[in-house]
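> What follows is each chain in one-letter form.
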Amino acid sequence: MITINQLSKKYKGAENYAVSNIDLVIDDQEIFGLLGPNGAGKTTLISMLSSLIKPTEGSFSINELTYKKDKNKLKQIIGIVPQEYALYPSLTAYENLLYLGSMYGLKGSKLKSLIKKHIEILGLTDFLDKKILHFSGGMKRRVNLIGSILHEPKYLFLDEPTVGVDVQSKNVIINHLKQLNANGTTIIYTSHHLNEAEHFCTRVGIIDHGKLVCKGRPSELILQQDGARNLEEVFIAQTGKELRDYV
Amino acid sequence: MYKLWVSTYKEFLLLIRDIGGLAILFIMPLVLLITITLIQNNTFKTLKDSKIPILLVDNDQGSVSEQINNGLTSTNAFEVIKKSSEQEAKELVFKGVYQLAIVIPENLSLDLELKVTENVDGILAKFGLEEELDSNVPKAVKKKEVRLYFDPATQQSFKSSVKNGIDKVISGIEIQSIYKAFEAQLTEESSEEPIFATDSFISFKEIVPESAQNAIPNASQHNIPAWALFAIFFIILPLSINMVKEKSQGTFVRLRTNPVSYATVLGGKTIVYLGVCLTQFILMLLVGLYLFPIISLPEIDVTGKLPMLLVVASFAGLAAIGLGLLLGTVFKTHEQSAPFGATLVVILAALGGVWVPVFAMPNFMQVLSNVSPMNWGLNAFYDVFLRNVGFVEIIPEITLLFLFFIITTTIAILYNEKKNAV
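Respectively, the protein sequence lines represent chains A and B. Here my numbering runs 2 ahead of the position in the first sequence, where the first position is 1. Here my numbering runs 1024 ahead of the position in the second sequence, where the first position is 1.
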């Protein structure tokens, strides 16, 4: 279970909080979608949960562990799929995965069989020994995902894992994530693809201006919102139509 | 340990996959070494074997100007080209066609002889040895001026060296003239026996330390340690750029979420780049041993010194890597790390005495040079290469280099901890 209490983040020099007083509980084996316009605070929230940035106020625990007390234990049970590809372009897919898996203490035949398994599922077997720099965006996204799940994390954080990929790659990624979830992985992901989130997530939370404005099952949120036929209309109703450009 | 090994292997793969980077790492230092040694060796040869063409305007046409000409020629440093016009010589020099023109004034021989005779007669008269002063000798001979024209682009050190050389030749001529004048006054005309030994009484002899007697340092032995050290410290650039690239690629972000310590990440880099430093150094030694003799540069002698040289190269490499790790940790962009790293290496090299010996620096800079790790490394290399000392004597320098590595790496780890604390 992930328990978030009054979590806030204000960046140095910023006037406003990027994330403000978020209270949230995510149960094990949920697929929780963090939705929101650009600059709403999704990535900041997921970065705090992934130990990449320090909260200004509040606290959180994952599986009853905190970074302050159980940093290495916690890092071992979570996986993070960053928005960037986060791969070494001059290394092959296999070399990248071998390195990333080894950083979680995996080694030998176990690591090799895990790489083989995920590579096969995500349709990259023929490209295992090719350098990442020759990969398409969709292929990189898939390798990026494998690099974060080799150690079979209990909690998986994904920051826009399907951004910039074709429909085929998106389907393969989503199906694999569903399979991981079925096997016991709790998934927390951010996305701008509201249709994808509506069908993929067990629950979603809509964030705007750093605040969690609503949360619940997609079907419940659609029902609760007057006149809304899908999650996108709920989203527009909650966050408005104005552009969210920011620097 | 397993994670360190895998990190090292990853760094190794990243390094060998970057062919351009590898070429820069290994070939450029060799090009630098060969170029600098060729230039310095040629400068040395300029003074010994090859000759600098200079202009001589001889308005005297006497014995003194002949002696000056002979003196300049006998130094083997100059090829004397005679010109009749001072104006022409001046123009040629000021245009940079020649570095130097020497203009000998009219009647220099005659006036020098008159002046010397006047002085000698005066001295002898004081001792009552001269019966009567020659009434034909003028009372005051005007001072003579040998004019020197230098190309404005000529370096001050060359000017000073030439001025000293000419001064020495002229002083010699004056002394010889005085001796001859005394001799003429004190001996009978028919006598051919010299009464003075006119050779220099004081001579110089360089005493070489016993341990170095078989290996008198040459240009190569001076250059290889200095430029090898310069190349070793240039590792700061690719190392820090590599680290900054990891940040921009996003791989560093991923590493921060992995259960691996920053020390392990840096450890992998340290091992690989230390290998690079040692390979660079060995390549330089091989160039000194096998390529230099082929291109007419003096060969280096590493007999019995190789293990100690590798020890010094290893510790110098660690110091350079420590600095690279620190810069790579602190800087966020390539634009920050590349110019800063390059400038810092040049400053450290200048402070360390790679270009100008520390003893020739102003006092303040001499004190400052003590804080340059390149100075410690260079001293250690010179200790082994030129002073032929034992391992004990280099312990202070390699200890400083190691401490520098420990301190810079620790700062890098602490900075990263503080910056990324959660």
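I should point out that these hints are in silico values taken from the structure, not numbers from a laboratory. Be aware that a few hints might be false.
To be verified - So, partial list: chain B residues that the calculated Cβ filter (under 10 Å) puts toward chain A:
| hint | residue |
| --- | --- |
| 1 | 1037 |
| 2 | 1041 |
| 3 | 1280 |
| 4 | 1333 |
| 5 | 1440 |
| 6 | 1444 |
To be verified - Think about it this way: if two alpha-carbon atoms lie no more than 27 Å apart in a straight line, the pair counts; the simulated DSS-like pairs of lysine-lysine are:
| hint | chain 1 | residue 1 | chain 2 | residue 2 |
| --- | --- | --- | --- | --- |
| 7 | B | 1443 | A | 14 |
| 8 | B | 1269 | A | 132 |
| 9 | B | 1356 | A | 56 |
| 10 | A | 70 | B | 1183 |
| 11 | B | 1271 | A | 56 |
| 12 | B | 1183 | A | 12 |
| 13 | A | 75 | B | 1183 |
| 14 | B | 1271 | A | 75 |
| 15 | A | 114 | A | 133 |
| 16 | B | 1183 | A | 56 |
| 17 | B | 1183 | A | 14 |
| 18 | A | 213 | B | 1443 |
| 19 | B | 1443 | A | 118 |
| 20 | A | 70 | B | 1442 |
| 21 | A | 133 | B | 1356 |
| 22 | A | 71 | B | 1167 |
| 23 | A | 14 | B | 1119 |
| 24 | B | 1442 | A | 56 |
| 25 | A | 73 | B | 1167 |
| 26 | B | 1167 | B | 1183 |
| 27 | B | 1167 | A | 12 |
| 28 | B | 1271 | A | 70 |
Glycine residues also receive a C-beta, built at the ideal position from the N, C-alpha and C atoms.
> Indicate, hint by hint, whether the structure satisfies it.
Hints, verified against the model:
1. 1037: For residue 1037 (chain B), the interface hint holds, since the closest Cβ of chain A sits about 6 Å away, which is under 10 Å.
2. 1041: 4 Å, holds
3. 1280: Holds, because the Cβ-Cβ distance from residue 1280 (chain B) to chain A comes to roughly 6 Å (cut-off 10 Å).
4. 1333: 33 Å, violated
5. 1440: Cβ of residue 1440 (chain B) sits 13 Å from chain A, so the hint is violated.
6. 1444: 8 Å, holds
7. B:1443 / A:14: 13 Å, holds
8. B:1269 / A:132: 21 Å, holds
9. B:1356 / A:56: OK: residue 1356 (chain B) and residue 56 (chain A) at ~19 Å, within 27 Å.
10. A:70 / B:1183: At roughly 69 Å apart (the allowed maximum being 27 Å), residue 1183 (chain B) and residue 70 (chain A) break the hint.
11. B:1271 / A:56: With a Cα-Cα distance of about 18 Å, the restraint between residue 1271 (chain B) and residue 56 (chain A) holds, given a limit of 27 Å.
12. B:1183 / A:12: 65 Å, violated
13. A:75 / B:1183: 72 Å, violated
14. B:1271 / A:75: Distance ~24 Å between residue 1271 (chain B) and residue 75 (chain A) Cα, so the pair holds.
15. A:114 / A:133: At roughly 18 Å apart (the allowed maximum being 27 Å), residue 133 (chain A) and residue 114 (chain A) satisfy the hint.
16. B:1183 / A:56: 64 Å, violated
17. B:1183 / A:14: 59 Å, violated
18. A:213 / B:1443: Roughly 26 Å between the alpha carbons, so the hint for residue 213 (chain A) and residue 1443 (chain B) holds.
19. B:1443 / A:118: Not OK: residue 1443 (chain B) and residue 118 (chain A) at ~37 Å, beyond 27 Å, violated.
20. A:70 / B:1442: With a Cα-Cα distance of about 13 Å, the restraint between residue 70 (chain A) and residue 1442 (chain B) holds, given a limit of 27 Å.
21. A:133 / B:1356: 26 Å, holds
22. A:71 / B:1167: 91 Å, violated
23. A:14 / B:1119: 61 Å, violated
24. B:1442 / A:56: Distance ~11 Å between residue 1442 (chain B) and residue 56 (chain A) Cα, so the pair holds.
25. A:73 / B:1167: Cα-Cα ~89 Å, so violated.
26. B:1167 / B:1183: Since the Cα atoms of residue 1167 (chain B) and residue 1183 (chain B) sit roughly 23 Å apart, the hinted pair holds (cutoff 27 Å).
27. B:1167 / A:12: 84 Å, violated
28. B:1271 / A:70: 24 Å, holds
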